[in-house]
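Student: Each protein sequence line maps, in turn, to chains F and A. For the first sequence, position 358 matches number 358 in my numbering, and the numbering has no gaps at all. With the second sequence counted from 1, adding 1000 to any position gets you my numbering.
Do not rely on the hints blindly, as some may be mistaken.
Claimed, not checked - Heads up, simulated DSBU-like pairs for lysine-lysine below, C-alpha to C-alpha not over 30 Å straight-line:
id: 1; chain 1: A; residue 1: K1149; chain 2: F; residue 2: K390
id: 2; chain 1: A; residue 1: K1149; chain 2: F; residue 2: K428
id: 3; chain 1: F; residue 1: K502; chain 2: A; residue 2: K1149
id: 4; chain 1: F; residue 1: K390; chain 2: F; residue 2: K428
id: 5; chain 1: F; residue 1: K81; chain 2: A; residue 2: K1290
The hints are simulated quantities; they were obtained by calculation from the structure and are not laboratory data.
Chain residues, written in single-letter form:
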Amino acid sequence: MPTYLEWNAALIEHATHGAPVGSTVYLEVSDETLNRIGVQWWGAPAGQTLWRGDFLAAVQERCVAQERVSFEWMLSPERQKEPLGVAFLGAMVLAASKMAMDEAGQVHERNYFKRLSDVLGMPLGSQGRPPGLPTGAEELLWAEWVHYLRGRGLGSSARGGEGSHRFIAYPISQCLIPEGQKQRLRRFFAERGYPAGWDGETVAAHLRAEGGLPKKLTELLTRTGAAAEDVYSALQEVLQDFHASGSQAALPESMVSAGTRQLVCGVYREEHWRTGEALYRLFPRHPRGVRPAEMAVQFPWGPEALSVERPGYYRPVGEVQPGDLSNGLRFNVTGSLFVDALVLPAREYWLLRRDPDAEGMFASLSTPGVGEHLLLLVHDRLLPDIQRFKDQELLAWRDTPAVLGGGWLEFHDLMVIGNHWTDVPAGKAQALHEALRPPGNLSIHLEGGARAQRAGAYLAGAAPTVRVMAFSVDAHLTVSCDDEPIFSSSVIPGEAVAVTLKQPGAYELIAHSRGQQAVRSLTVVAWEDLRATDLTLQQEGGVELNGHRIWGAQVQAL
Amino acid sequence: MSLAGGGGRAGTRWFRAYNAYGKPAVVIESVARFLRQENLTDTVVSLRVERGATGEFLLFLAMETTYPGVVPEDVEDALSDCRHLLSPLPEPLTLAQIEGLASGDLQIKALGQCLEYRQVRRDIQEDPFDTEARILMKDAELPVGAGEKLLWFLSATGTGPWSSLRAAGAALGILDAVQVTRLVRHLRLLGHLETFPAGRWQVSPPAAVEVTLPGGETCRFLVGARDSRRRPGERAEAQPGGPDRVLVDEAGERSVLFSPAGSLVEALPDAAGFVTSLEVLGSVNERALKLRQFSGEGFVSCAGITGDGLYELTSPDGRSVHALRRGRDWRRGEFTALRFLTLSAMNLLGPWRFSADAQELAVRFDERPPELYERALVLCSGLLPGNRGGWLVYRNVTAPLVAGLAGRLGLTWENT
């Protein structure tokens, strides 16, 4: 039986692996989540049981002594290390997830802590909380979790509530789409025949167009920017769960994670070094909650290994022709029990951002910020709407669009210059209209600099230039390093800010303008703190020549 | 970036209509200028007019105020100073209502909440794999410790595009692309790194190389990925132009490569085979390019393609590449390899000089062999070649290795 610490490590990996830098992490724990983790880490549970029972037994054994919660040992003096309280927090979230399933109405604090006591296998104390867990004690554990995520360039959904909901809001905030809503979505997917290969953005576009959803889901679909990314990610997960189960009904509990999923791709744009010709490749997203495995994509011309290139994404593979953009692609994937295919959804457009790790490259990477230059890859059937957006002073771009063939066009250096999208009808370009709408009034841009690893960390002496972009004439920026304020001043939007981020440390940048806020985190590391990546001769690499592979000083006959 | 706006009154969006007269485009520009001058664009965020309107028309102002229909007094006073805004309709309107009042599409003029389009600054495209001759002649020293720190960066990242390597180099004070290219070449020679024509680089797996010194004793040095941590018994020797040579007493858990130079020589093809391994370029349009041909000493202008040889091809945008013409094929590779193959074809290569006593091999600077062959010489010692009066001197090289390498390349060598 896995120990508490093993569950703790598994939960951290499950929540953070596959999360792109800058994204929000939900510590969503349900029977389904625990089964998926358990099956991937330790195989099928014994008999017809669920991994939930094993998880709770491990938590109770380590965190409960003599019918009292023992939590002080989880608080770590070294905040850079993996927090020890994540499995305990997971049990708190599990208690909330069951409540959400049972009752559609109000959640009362006492009811919640009664559930938590049940989960911890102990009676409720006289203070209305589990004995040994004084009011607010769990906030320290949530704070450690948030700090740990921030150090890795990730955000957390953990938020306290108001009044009597202050503490129960933390576990409830870990679930973006409650189980009841997920079941509604599964039924919806079954009725409308949504295919497994759609990405979250495509699912959201179809849901918006078709309507008829509950209020909570409709509200989620109005979100923009990074908040919309979270919704897209959650929708894609529900769709994949639905197809993995093969049924709209609730999944058979012991088989809950046995189904396979698909890797959904975006596109990655490179240029030929000599001709400048655009070359498109598949850019697979690393699904959250799926453990990395040695997988290969079976292309018609042979297999290509999948390797994680940066948090949330695999290295680009294969190639994409203009016709593939219209029709989509699907290839088998081998090497994992949990992934069986790689798909490129058929879409009418792709909004590509500059790859911050590769000058001159563009990729379908998360939601653009205000004032960012983009490359719009779009089918010409949307051209009249795009031209209309330009006429209405929403968009501007450089030069005439480049023709790729198959009806596909590239708009270079496209920039959203207007914020009056609600006043301009979307026409046939509904999804594109949603995607181009700025996520808010302002963004913080980080430009240049040298990144240490693909996790958002910059090298000492090579920090990026900071620029606040806003749809207003003024903004205010505060910068802190390791929680100590180092800069606080009004800044002119669009101009480089004279703030130096030289010293190694964890920086947080917060910009305000007209009641809106934008936050960016970044880490600066010393050269001496860089750690060599694990690399062996068994991995793919080196150059092939004369029937041999030469990699550094190593020579292998092929 | 410049930006229109001011005042800061976020709130409800609604519309007010005015009876306007004249040419709509002129009226729109005049009103927009007025609103910007008066700093009213946070309240009046856009103007609309029916497309194709003439003479008498409705001009709609999109307003953002706390309450619909209620304009702050100071803004109301300012608006009444504009000669085109004297006849407002009394009721506040919604978007649907103004669309109902217009017989066609509405043209929008955004005022507040807009950004000025910025032109993108384009960096000059570098081709990191076309090592120019001047790199090899340039003997500027790199900043102290830069090679070692760059290796730490490469080892932490594993693989990446050329731009990331350039950015890390710049952070270390190596701003000149030529110097970065030079350092990267040295990292390849020392067995730390590979680079690929598509523009990516990849660090090599860590290993300890074990070689026998002229005195018979054993020497072990590290190749491949590493970071700043040193284990007991590890000693770093600085060397100009590259990372440290790290000597180790024990290999530990690292794999040990016994005299890998010999294995490398065995694996390499002869010169003819090497030519066929080079990347083939597509067609070369000699009319669209400026051509210079390698004479054996330098590049000289030529009117057209005159036969086999090494050419410098410069496109109208100023980008140059070096390419080897053999028959109908154009091939591309690192410059030293192309030059060596050309000199070989011209019978201009001199013999190598070998000192059996010192176990040193001297190669003329301008005749250094293709890089993978040169890597075998460097891996004999883990040291970059010394530079002695126009000769590159490689250390701890044995006679059998010289014989094998010279045989592969069709060269002669003299025992001095």
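Student: Quickly compare the C-alpha distance for F:K390 and F:K428 to 30 Å and report which way the hint goes.
Tutor: Cα-Cα ~15 Å, so holds.
Student: Between the alpha carbons of A:K1149 and F:K428, is the straight-line distance 30 Å or under?
Tutor: violated, 53 Å
Student: For the pair supplied as a hint, A:K1149 and F:K390, is the alpha-carbon distance within the 30 Å limit?
Tutor: The given pair, whose Cα atoms are some 48 Å apart, is violated under the 30 Å limit.
Student: Check the hint pairing F:K502 with A:K1149 against an upper bound of 30 Å on the C-alpha distance.
Tutor: Given pair F:K502, A:K1149 holds - Cα atoms ~17 Å apart, limit 30 Å.
Student: Given the hinted pair F:K81 and A:K1290, is their alpha-carbon gap at most 30 Å?
Tutor: Answer violated: F:K81 to A:K1290 is near 59 Å, above 30 Å.
Taken one by one, the earlier hints fail for this structure at numbers 1, 2, 5, listed in ascending order.
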